[in-house]
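J.: According to our numbering, the sequence shown holds residues 147 to 449 in order.
Think of the hints as simulated: they come from the structure by calculation, not from any bench.
Misleading hints may appear alongside valid ones.
What the hints assert, rightly or not - Here are the computed distance ranges between Cβ atoms for each label pair: (1) Gly336 with Gly215: 47 to 53 angstroms; (2) Asn216 with Glu378: 19 to 25 angstroms; (3) Cys425 with Pro328: 15 to 21 angstroms; (4) Ser195 with Arg365: 46 to 52 angstroms.
To be verified - Listed below are the simulated EDC-like cross-link pairs for lysine to aspartate or glutamate, each with C-alpha atoms no more than 20 angstroms apart in a straight line: (5) Lys306 with Glu352; (6) Lys255 with Asp192; (7) Lys335 with Glu407; (8) Lys194 with Asp431; (9) Lys306 with Asp273; (10) Lys255 with Asp287; (11) Lys255 with Asp273; (12) Lys282 with Asp272; (13) Lys255 with Asp266; (14) Lys285 with Glu373; (15) Lys255 with Asp190; (16) Lys255 with Glu183; (17) Lys194 with Glu383; (18) Lys306 with Asp287; (19) Lys387 with Glu183; (20) Lys285 with Glu254; (21) Lys306 with Glu373; (22) Lys387 with Asp431; (23) Lys285 with Glu362; (24) Lys306 with Glu362; (25) Lys306 with Glu364; (26) Lys387 with Glu364; (27) Lys285 with Asp309; (28) Lys255 with Asp182; (29) Lys335 with Asp431; (30) Lys335 with Glu352; (31) Lys255 with Asp283; (32) Lys306 with Asp266; (33) Lys285 with Asp266; (34) Lys340 with Asp359; (35) Lys340 with Glu407; (36) Lys255 with Asp175; (37) Lys340 with Glu352; (38) Lys194 with Glu364.
Heads up, the beta-carbon is just placed ideally off N, CA and C, and yes, glycines get one too.
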Amino acid sequence: MGCSSPGVSWQGTDNWQLTTEGHAAMHVDVIQRQYDEVIASNYDSDPKSIIGDSQDRALRQIERHGLVGNRFDPLCVLDLGIGTGKFLERLRYVAAGGIRPFGIDVSEKMIEIAQRRLPDLAAVVDDGASFHAHFKDVKFDLICTQFVTGFVPITVLAPKIWDGLASGGYWSLVGGTQAGFPRLQSLAKGKLLKWAFKGRSFYVSEYVCNPADQTEVERAMEDHGFEVCACETFEPELHFKNFSDFYTFAYLGGWLTPILEALGLHRPSPVLTAVLNTCLFPVRDHHNIVIALARKRPTAPRR
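Kindly generate the complete structure, drawing on both the sequences and the hints.
T.: Put into structure tokens, the structure is as follows:
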């Protein structure tokens, strides 16, 4: 979600702009509106349980490497793209010494929910690429990024995260890849959806800047001064009974909100909905999510 890969031609709308890093990226105010008006109130429902299951795996990596069970001083942790704060709440539950929670999110509504969940949370509303402008006097033991690399390229995040970590600090990453939703990607290139999209071709790289796969994640981390401690690919199965089921997951749940808006599927006509239900659904698919834990090396990363 959020921006396209370098070198990909974009024939989009005024919702998009060129960033200083050379990526076509959705305007921050568009992302804020989508999260504030659509996603925030539905986020914790976690349709298909992908967020919760991904967090389970990330927490297991953190626990296995002794970040929470063997220390009795508070873990200073920044959740970059904190959402509603559920991950930090879960981290606090397993941390023997508790946590000092910090958070950044582009959505004010998400931050409000997170602060109700974590009353001692120090949080700011900003986009992920700008997090280095905040909490300058704090060096973090752990920085978490969950599904942020769809909005900010991993190569942009990595050096800023390295700078924000204390010596020997850790980066916990959960993020989708370009290999996610292969069946939906295939269907979007078919004749039916080309008709629904008024002849426009669909390529996932037009909308997301996610890494290609686990190998790209590991390479980016290593190239920017991290030692990869654990890395796995999680492919949760998805079954969409009908368009309504898909809409709850993809639009209200936040997984494909920008894409559905760009294609006009956030407000489908009754006729189009009936056609999709008849000709397209049910659909079985799977996501592709990389979950990694990396430790900051003492030497400066390559720039």
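J.: Work down the list of hints and note, for each, if the structure agrees.
T.: Hint check results:
no.	hint	verdict
1	Gly336 with Gly215: 47 to 53 angstroms	holds (50 angstroms)
2	Asn216 with Glu378: 19 to 25 angstroms	holds (22 angstroms)
3	Cys425 with Pro328: 15 to 21 angstroms	holds (19 angstroms)
4	Ser195 with Arg365: 46 to 52 angstroms	violated (30 angstroms)
5	Lys306 with Glu352	violated (25 angstroms)
6	Lys255 with Asp192	holds (17 angstroms)
7	Lys335 with Glu407	holds (17 angstroms)
8	Lys194 with Asp431	holds (12 angstroms)
9	Lys306 with Asp273	holds (13 angstroms)
10	Lys255 with Asp287	violated (27 angstroms)
11	Lys255 with Asp273	holds (14 angstroms)
12	Lys282 with Asp272	holds (15 angstroms)
13	Lys255 with Asp266	holds (17 angstroms)
14	Lys285 with Glu373	holds (18 angstroms)
15	Lys255 with Asp190	holds (13 angstroms)
16	Lys255 with Glu183	holds (8 angstroms)
17	Lys194 with Glu383	holds (9 angstroms)
18	Lys306 with Asp287	holds (14 angstroms)
19	Lys387 with Glu183	violated (26 angstroms)
20	Lys285 with Glu254	violated (24 angstroms)
21	Lys306 with Glu373	holds (16 angstroms)
22	Lys387 with Asp431	holds (11 angstroms)
23	Lys285 with Glu362	violated (27 angstroms)
24	Lys306 with Glu362	holds (18 angstroms)
25	Lys306 with Glu364	holds (17 angstroms)
26	Lys387 with Glu364	violated (35 angstroms)
27	Lys285 with Asp309	holds (8 angstroms)
28	Lys255 with Asp182	holds (5 angstroms)
29	Lys335 with Asp431	holds (15 angstroms)
30	Lys335 with Glu352	holds (13 angstroms)
31	Lys255 with Asp283	violated (26 angstroms)
32	Lys306 with Asp266	violated (25 angstroms)
33	Lys285 with Asp266	holds (18 angstroms)
34	Lys340 with Asp359	violated (27 angstroms)
35	Lys340 with Glu407	holds (16 angstroms)
36	Lys255 with Asp175	holds (13 angstroms)
37	Lys340 with Glu352	holds (16 angstroms)
38	Lys194 with Glu364	violated (27 angstroms)
The structure does not agree with the numbered hints 4, 5, 10, 19, 20, 23, 26, 31, 32, 34 and 38 stated previously, though it agrees with the rest.
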